[in-house]
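A.B. asks: Now for the letters of each chain:
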Amino acid sequence: MKILYAYRYGIIGGVSTQLLLRQQALEVVGHKVCLFFSQDNGLGQVVSGSNRILFGSETSFRKLVRNGQFDAVIVIDSPELLPAASGSLFRQNPVYLDVHTTTDTGLGYLQDLDVRHLTGIMVPTKYSARLVSDRLERDLSDIEIVPNILNTEVFSSKPLDNVRDATESVREFVWVGKLDSHKNWRLALVYAGMLRDIFGDIRMHMVGGYTAPPETAREFFGLAFKLGLSACVNWLDRIENNAVAGLYRRCAESGGAMLVTSRDESFGMAAAEALLCGCPLIANDLPVFHEVFPSSPLVHLVDIWNPETVAQAANEVAELQRTDELVGQLHSELQDRYGPEAFASKFLDLLKTLGSV
Amino acid sequence: MMSKWDVYLIRVLRSDIDAKESELEALRHSLRYRVGGWVIESWPPGRRTMVIVARIFAVFLKLSWRKNAIGRGKRVQSCQADAIAEGEFVQLVIFGTQANAESLGRDAFCSDDPVALIQLLDRERPPGTLVVRRTNEAIVRRISRLRLNGWKVVWQPEEGINEIDAHLVAYLESHADECVGSTS
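Chains as they are written, first to last, in our numbering: chain A, 114 to 470; chain B, 73 to 256.
One thing to keep in mind: the hints can contain errors.
Computed cross-link-like contacts, DSSO-like style, restricted to lysine-lysine with a CA-CA straight-line distance of at most 27 Å [what the hints assert, rightly or not]:
(1) B/92 to A/291
(2) B/76 to A/339
(3) A/339 to A/271
(4) A/145 to A/176
(5) A/239 to A/291
(6) B/92 to A/339
(7) B/76 to B/92
(8) A/115 to A/339
(9) A/145 to A/459
Derived from the structure by calculation, the hints contain no laboratory data.
Next comes chain A alone, as it looks inside the complex (with noise of 0.2 Å):
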């Protein structure tokens, strides 16, 4: 089958690394996948050098899906690529909606949307299902869910080397995002503030923010200077996906934790990806994470707004004995339920049921 996905930011984040996984896990199993982005906003660099990762124009997209004679394209919230994405009149592609934001404003595209020529729709959970429903105003049975990928191989408790991972002596918390409201950065420094009277001397990493406006950046010095924190405070703009996975298994073995202040989740992949690697999670208690983590020690889902209630999962996460069992049953759970091989599967079902196959 030959498939090819197109979304408008071809940027380094969540989507853009959903799709390469997506890419690897159905070429594993034979089939033909390329990728689109209308934009280049740095993911360009990172990728160089492949020829079935494009970017281009709306006129590149509207050529590509003429020429392509895919057996589906599945554009992912871009509305603005969905007329071209059938290509010609004689032989029309397949065209599918993949919706992964969940912000009202990412939503809202979908108000005026026309489904009716789209072969199939899909998000990742059932929660953004019951979103995507709401707003196209369809039974929630006509919106498949096909999950993202984790990558499992990586994100481990054991590094791919075997090399151990160098320690600090203090307890490392890891919070992972873009220095936006959505993911609620302001709310990490003061936690950090928090933890840092709760333990004494901890080291907060702050994974993301690459691409943060100057301002945002000035901001965030500030509010780490005010709160006393420049020292405990290790901003990672950018970061590979070896090392991040290294960091969270560091941060599991000083007894720390991710911290997630999120307003919003559409999956919790960083999150997702630190409980693979052993790492304790205090999350908002979202909606989705209900739905996307099994139950375990390891997950501790609080009312991110009361500090009582942080503090006392940290503290549980501070005695909690992390044995190699529980960490390799939670591994494996997560790799049962979003592996590549339980991505394709569900994929290639939905393809074949909806006719594109």
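Chain A is fixed; fit chain B onto it per the hints.
C.D. replies: Then chain B, alone, in the frame of chain A:
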């Protein structure tokens, strides 16, 4: 009497207020909001309307020019950093000025232009030493990543420099491998 949790709760709520204010500021400065304001100001039609129409036309021209400039692949900044190829080892990178510029070897790069330095530092290359002599958020936000990748970071403030950001200095002093002649 306030409990210790109340203190944190106040900070939590304040962080939320700051987030919402930041969003509001971004909205106020957004083009859509500003143009909407002009449209309201231009009614009922009068002399003011002509001013507004001219302003909207100017914005349209500016956006078209910017879009075309990006489309032509126009370089915003050409810089010496381009001469240093990706993957090439640069032993010493200095942000700011170097007293003895002539003594810099061929494998050294010195600039007070943060854009030039970012172009150099963000490319894949073997780690060297970064000497930070001035404060700039674009450079400081990268130092932890550079250190993780094996770079040595030295904070050596220039003498007599007036524009020093205390917040950035605090971060630099905590995270640099070495502080030479620090202001604190």
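A.B. asks: Tell me the hint numbers this structure goes against, listed in increasing order.
C.D. replies: Per hint list: 3 and 8 violated.
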